[in-house]
Amino acid sequence: MKRGSNWFFIAMVALAGLYLVTAMITNPAALLQQAAVIAITIAIIFLVFRYFMKKRMGSDYSSYSKAVKQTKRAAQEKPQPRSPSKTVTPIKKYAKTKPFKKKSSSHLTVIEGKKGKKKNRALY
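Residues 208 to 331 in our numbering are what the sequence shown lists, from first letter to last.
Hints are all accurate, no fakes.
With a straight-line cut-off of 30 Å between C-alpha atoms, the simulated BS3-like cross-links for lysine-lysine are: (1) Lys273 / Lys262; (2) Lys279 / Lys262; (3) Lys261 / Lys276; (4) Lys262 / Lys276; (5) Lys261 / Lys279; (6) Lys261 / Lys273.
Pairwise CB distance ranges, derived in the manner of DEER restraints: (7) Glu284 / Gln240: 44 to 50 Å; (8) Ala230 / Phe256: 27 to 33 Å; (9) Thr229 / Ile251: 26 to 32 Å; (10) Ile318 / Ala223: 46 to 52 Å; (11) Ile247 / Ala218: 25 to 31 Å; (12) Gln283 / Ile217: 44 to 50 Å; (13) Lys262 / Glu319: 25 to 31 Å; (14) Phe256 / Met219: 21 to 27 Å; (15) Met260 / Ala218: 34 to 40 Å; (16) Ala223 / Phe253: 20 to 26 Å.
No lab work stands behind these hints, which were simulated from the structure alone.
Using N, Cα and C, we set each Cβ at its ideal position, and we do this for glycine too.
The whole structure should be built from the sequences, with the hints applied where relevant.
Put into structure tokens, the structure is as follows:
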């Protein structure tokens with residue numbers, strides 16, 4: 208079955224290539240007009256589809272995209288490291304360092320699940 212569909216695909220591509228060569232030789236203006244009509248049609252279908260899908264997604268998707276934008280903006284706003292100054296301060300060998308604490312993103316929320324409940328093994 209796969210071998211038959213492979214030959215069919217090759218034949219269709221060959222016929223399309225033959226048509227393109229013939230159209231370029233005989234009437235290139237009509238070929239450009241057809242390409243423009245196809246491109247405009249695809250653009251209109253894409254924009255209409257995107258418009259309706261955005262409405263269908265609702266507030267869940269919009270809040271997700273808002274969180275993604277905030278995360279990207281925060282990543283871009285990180286200050287660049289300063290160039291080393293001319294006077295270097297001595298490094299203390301035995302200085303206590305505080306453990307690194309990970310900052311939580313305030314715009315992302317955690318959805319609570321059933322983590323605390325024990326499973327009833329008799330139902331399985």
